[in-house]
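Top line first, the protein sequences correspond to chains A and B. Counting along the first sequence from 1, when you hit position 143 you're at 143 in our numbering, and nothing is skipped either side. Counting along the second sequence from 1, when you hit position 600 you're at 600 in our numbering, and nothing is skipped either side.
Hints were generated in silico from the structure; no laboratory data involved. The structure presented is a predicted model; accordingly, all values stated were derived computationally and were not measured. Take these hints with a grain of salt, some might be off.
[What the hints assert, rightly or not] If you anchor each label on the Cβ, the simulated ranges turn out as follows: (1) B:262 with A:116: 57 to 65 Å; (2) A:148 with B:262: 51 to 59 Å; (3) B:675 with A:118: 31 to 39 Å; (4) A:116 with B:326: 46 to 54 Å.
The beta-carbon is built from N, C-alpha and C at its ideal position, and this holds for glycine as well.
Each chain is listed here by its residues.
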Amino acid sequence: MAGTWDLEVNGQAHVIQAEGSEPLLHVLRDHLGLKGARYGCGLEQCGACMVLVDGDPVHACTRRLDSTAGHRVTTVEGLDAPGLLAAFLGEQAGQCGYCLSGILVSVKALLDRTPNPDRATIAAALAPHLCRCGVHARILRAVAKAAA
Amino acid sequence: MSQSLARNPQLGQWIRFLEHDRVRIATGKVELGQGIVTALAQIAAEELDLDPDQVVMLSGSSDNGPDELYTTSSLSIMDSGSAIRQVTAEMRALLVERAARRLNCAPDDLGIERGHFHIAGESTGQSYWTVTEPGDLEREADGTAPVKPHASYRIVGRPVPRRDLPVKLAGGGFIHDLDEPGMLHARILRQPGYSARLAGIDGIGDHVRIGNFLAVLGDNPHAAEQAAKRARVRWTGERELDPTRVDAYQLLDLPSRDHHIGADFADTAHDNELTVSRPYIAHASLGPSCALAQYRDGHLTVWSHGQGMHPLRHSLARALDLAPEAISTIHVDGAGCYGHNGADDAALDAALVAMARPGRRVRVAWSREDEFGYEPLGTAMVVRVSAAVDSAGRPVDWTTRIWSGPHVNRPGTTSGHLLAREALPDPPPQPVPTDPPLSRGGGATRNAIPLYNVGAHRICWHLVARTPVRTSALRGLGAVPNVVAIEAFLDKLAAAASLDPVEYRLALLEDERARRVLREVRDRARREPGQGLGFGFARYKNMAAYAAVAATVTVDEAVRVEKIWCAADAGLVINPDGALNQLEGGIVQAMSWTLHEEVRFDAHGVASLDWDSYPILRFDEIPEIDAWLTGPRDQPALGVGECTVGPTAAALCNAAADALGVRILDMPLTRDRIVAALLAGDDPAP
Numbered sequence: 001m002a003g004t005w006d007l008e009v010n011g012q013a014h015v016i017q018a019e020g021s022e023p024l025l026h027v028l029r030d031h032l033g034l035k036g037a038r039y040g041c042g043l044e045q046c047g048a049c050m051v052l053v054d055g056d057p058v059h060a061c062t063r064r065l066d067s068t069a070g071h072r073v074t075t076v077e078g079l080d081a082p083g084l085l086a087a088f089l090g091e092q093a094g095q096c097g098y099c100l101s102g103i104l105v106s107v108k109a110l111l112d113r114t115p116n117p118d119r120a121t122i123a124a125a126l127a128p129h130l131c132r133c134g135v136h137a138r139i140l141r142a143v144a145k146a147a148a
Numbered sequence: 001m002s003q004s005l006a007r008n009p010q011l012g013q014w015i016r017f018l019e020h021d022r023v024r025i026a027t028g029k030v031e032l033g034q035g036i037v038t039a040l041a042q043i044a045a046e047e048l049d050l051d052p053d054q055v056v057m058l059s060g061s062s063d064n065g066p067d068e069l070y071t072t073s074s075l076s077i078m079d080s081g082s083a084i085r086q087v088t089a090e091m092r093a094l095l096v097e098r099a100a101r102r103l104n105c106a107p108d109d110l111g112i113e114r115g116h117f118h119i120a121g122e123s124t125g126q127s128y129w130t131v132t133e134p135g136d137l138e139r140e141a142d143g144t145a146p147v148k149p150h151a152s153y154r155i156v157g158r159p160v161p162r163r164d165l166p167v168k169l170a171g172g173g174f175i176h177d178l179d180e181p182g183m184l185h186a187r188i189l190r191q192p193g194y195s196a197r198l199a200g201i202d203g204i205g206d207h208v209r210i211g212n213f214l215a216v217l218g219d220n221p222h223a224a225e226q227a228a229k230r231a232r233v234r235w236t237g238e239r240e241l242d243p244t245r246v247d248a249y250q251l252l253d254l255p256s257r258d259h260h261i262g263a264d265f266a267d268t269a270h271d272n273e274l275t276v277s278r279p280y281i282a283h284a285s286l287g288p289s290c291a292l293a294q295y296r297d298g299h300l301t302v303w304s305h306g307q308g309m310h311p312l313r314h315s316l317a318r319a320l321d322l323a324p325e326a327i328s329t330i331h332v333d334g335a336g337c338y339g340h341n342g343a344d345d346a347a348l349d350a351a352l353v354a355m356a357r358p359g360r361r362v363r364v365a366w367s368r369e370d371e372f373g374y375e376p377l378g379t380a381m382v383v384r385v386s387a388a389v390d391s392a393g394r395p396v397d398w399t400t401r402i403w404s405g406p407h408v409n410r411p412g413t414t415s416g417h418l419l420a421r422e423a424l425p426d427p428p429p430q431p432v433p434t435d436p437p438l439s440r441g442g443g444a445t446r447n448a449i450p451l452y453n454v455g456a457h458r459i460c461w462h463l464v465a466r467t468p469v470r471t472s473a474l475r476g477l478g479a480v481p482n483v484v485a486i487e488a489f490l491d492k493l494a495a496a497a498s499l500d501p502v503e504y505r506l507a508l509l510e511d512e513r514a515r516r517v518l519r520e521v522r523d524r525a526r527r528e529p530g531q532g533l534g535f536g537f538a539r540y541k542n543m544a545a546y547a548a549v550a551a552t553v554t555v556d557e558a559v560r561v562e563k564i565w566c567a568a569d570a571g572l573v574i575n576p577d578g579a580l581n582q583l584e585g586g587i588v589q590a591m592s593w594t595l596h597e598e599v600r601f602d603a604h605g606v607a608s609l610d611w612d613s614y615p616i617l618r619f620d621e622i623p624e625i626d627a628w629l630t631g632p633r634d635q636p637a638l639g640v641g642e643c644t645v646g647p648t649a650a651a652l653c654n655a656a657a658d659a660l661g662v663r664i665l666d667m668p669l670t671r672d673r674i675v676a677a678l679l680a681g682d683d684p685a686p
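Turn these sequences into a full structure, and let the hints steer you where they fit.
Listed below in structure tokens is the structure:
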């Protein structure tokens with residue numbers, strides 16, 4: 001049902017007028033112009049759309065607007081994680097980069113909870129994410145460096 | 001002179017002098033995630049004695065950049081890199097000479113720093129920007145200016161960070177993100193096959209229909225998506241597949257054009273043979289295809305993440321009956337494509353809608369289902385190698401026999417066309433299959449001739465004219481099944497001769513660079529108890545980079561890769577870190593193909609339309625990867641982007657055979673195949 005929804009995104013309060021069933025991904029990309037969360041599959045299978053809702057990684061492609069209203073959303077644009085970015089740049093942990101914003105979001109949630117994860121823990125936290133270019137090993141190294 | 005330069009001889013097609021001490025370098029090659037734009041900027045900065053930050057890159061513009069066809073086949077450094085090196089060397093020589101005349105000194109007296117001329121460390125007040133004249137850009141390259149010797153390089157050969165990565169890490173930089181108020185969003189309700197005809201539409205709002213081409217429209221992406229979901233479309237005349245038949249071995253029964261390359265058949269009996277297969281596989285780009293288009297005042301502008309903007313312009317012109325000059329094609333980065341995926345087809349989709357809605361900017365986005373369902377696939381292949389061996393167990397007569405669908409169906413080549421043309425009135429005939437000739441690296445025949453000394457050799461190649469699904473270029477083309485077959489066969493022959501597999505290979509290799517990469521991985525690779533160890537080697541296309549890979553695996557219900565070692569020799573390497581990233585990416589992608597990937601079919605075509613039914617390698621399956629560059633850096637640059645895929649797949653198959661004691665001959669190495677191989681058991685591995 002069309003309605004008006006309060007949404008806090010990256011620390012800013014927004015009032016969104018849309019159908020409650022509209023996926024959060026569309027709200028972020030097309031209402032708010034935040035293009036960092038990406039469409040990959042719409043099925044929670046690839047992780048390209050990952051955002052934080054109250055600090056937890058959530059697939060924005062299937063998350064509805066009405067169930068997100070009143071919660072805190074953080075996208076890659078609002079991560080505020082310079083150490084993480086520096087580690088990814090340092091390792092040149094990217095090829096096409098399409099998967100990266102979702103991965104950064106999950107890594108932020110991981111490191112907030114587990115400051116010194118081992119390789120297996122990092123890999124497990126990234127299990128919801130696909131990377132098609134094969135940059136996995138660099139990404140795993142970058143996360144370990146960011147944690148160190 | 002490079003082919004790219006011969007095709008675009010005017011210096012101004014490549015270089016412009018901009019304000020603020022900057023130089024713009026144009027290239028026809030485009031960024032696909034491989035880092036090419038960064039590497040080409042290094043080459044230009046090197047020859048011009050600029051810092052890389054002074055070089056602005058323009059990539060993939062039909063109006064303002066050179067035509068370098070497609071960005072494919074690990075050729076960009078060789079094609080575009082050598083053209084840019086030559087162009088910048090000529091421009092530098094021209095401007096140095098002119099500056100010397102103005103300053104009344106000898107050219108050799110001039111030093112250059114950030115494009116400014118110095119004499120004995122003193123500023124002259126002259127620079128590229130003060131001495132260049134408009135006519136300079138009109139000149140044609142003559143290929144005579146000397147380029148810098150490798151020994152004096154200070155930018156080329158050093159790791160330089162990717163130019164585009166900061167933007168992408170910040171959440172931007174993709175064609176999918178282009179947005180402007182008032183844009184029209186379209187989804188395509190795709191014709192489910194060449195012969196299908198649109199028989200009825202219900203529940204549809206604003207739309208564009210041209211023959212069997214149907215696009216639904218919305219004011220935002222969500223509205224277009226919802227419109228597509230609501231629409232009820234009936235098709236007739238769809239030709240159904242028999243999904244139980246669509247596999248690699250079906251190729252042996254389909255009509256084919258047969259080719260014979262190399263030596264005549266010898267009388268020698270081939271007592272040894274081995275046959276491998278690969279299924280149809282998908283490019284499976286993480287970001288589904290997307291394109292934007294706008295038709296205004298008789299001119300069409302198209303934004304695309306395709307691999308070649310000049311060929312795309314021509315294909316669009318043919319499809320839309322426009323003059324090429326009436327179309328501008330502009331490259332914007334997309335997700336990695338790994339070959340010919342849906343990108344070009346999405347461009348025609350957008351153009352068709354834009355022409356039906358003049359003035360509006362139109363954005364077409366494919367869904368995940370569209371991408372898996374309609375991208376051209378990497379063709380299935382069957383490869384049979386056989387040989388006669390001498391008393392020492394070495395091959396003396398060798399045949400590679402290949403059954404394959406076409407590897408190139410690109411629009412703009414003699415065969416392919418943009419997908420939506422099949423839905424328009426008066427559709428083009430079904431493509432006549434073609435494949436690149438061996439002189440250009442081959443398609444199905446890519447790496448089919450071993451680099452090893454195998455005596456007389458030949459290829460028998462069955463090019464299947466009509467595969468049940470559209471196929472086209474996917475990273476490595478036929479190299480993966482060919483290298484897997486050759487390397488598996490060598491393991492088998494070595495075992496029959498009771499020889500170490502690496503020593504056996506070294507005895508058949510004369511090329512010192514090939515021997516070096518193989519020896520280096522052999523020396524580093526270590527197997528733990530219970531692990532299988534396997535090797536794979538190839539020189540990509542037999543003319544690009546050399547790569548040797550060793551893999552250790554354990555096998556229980558699945559093949560688990562424990563560690564990968566890779567040595568590659570690419571001659572001169574422009575950006576070593578970028579090259580390593582490509583080596584590693586190829587290793588992981590080939591692991592994924594070898595262990596997991598297989599397109600599934602039903603009566604309507606591709607049935608694996610999501611990542612559950614088309615699984616790819618995940619983070620928890622990634623082994624430690626030790627990849628390094630070796631070999632002579634003073635030799636010409638050799639394409640590196642695809643060099644690891646064949647050797648990696650081969651090393652995994654050989655390591656799995658070593659661990660299991662039996663060989664799985666059909667990729668991917670799934671649980672079912674492991675069980676079947678163990679139960680069969682009587683076909684001993686090498």
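Hints and how they fare:
| no. | hint | result |
| --- | --- | --- |
| 1 | B:262 with A:116: 57 to 65 Å | 58 Å, holds |
| 2 | A:148 with B:262: 51 to 59 Å | 55 Å, holds |
| 3 | B:675 with A:118: 31 to 39 Å | 33 Å, holds |
| 4 | A:116 with B:326: 46 to 54 Å | 60 Å, violated |
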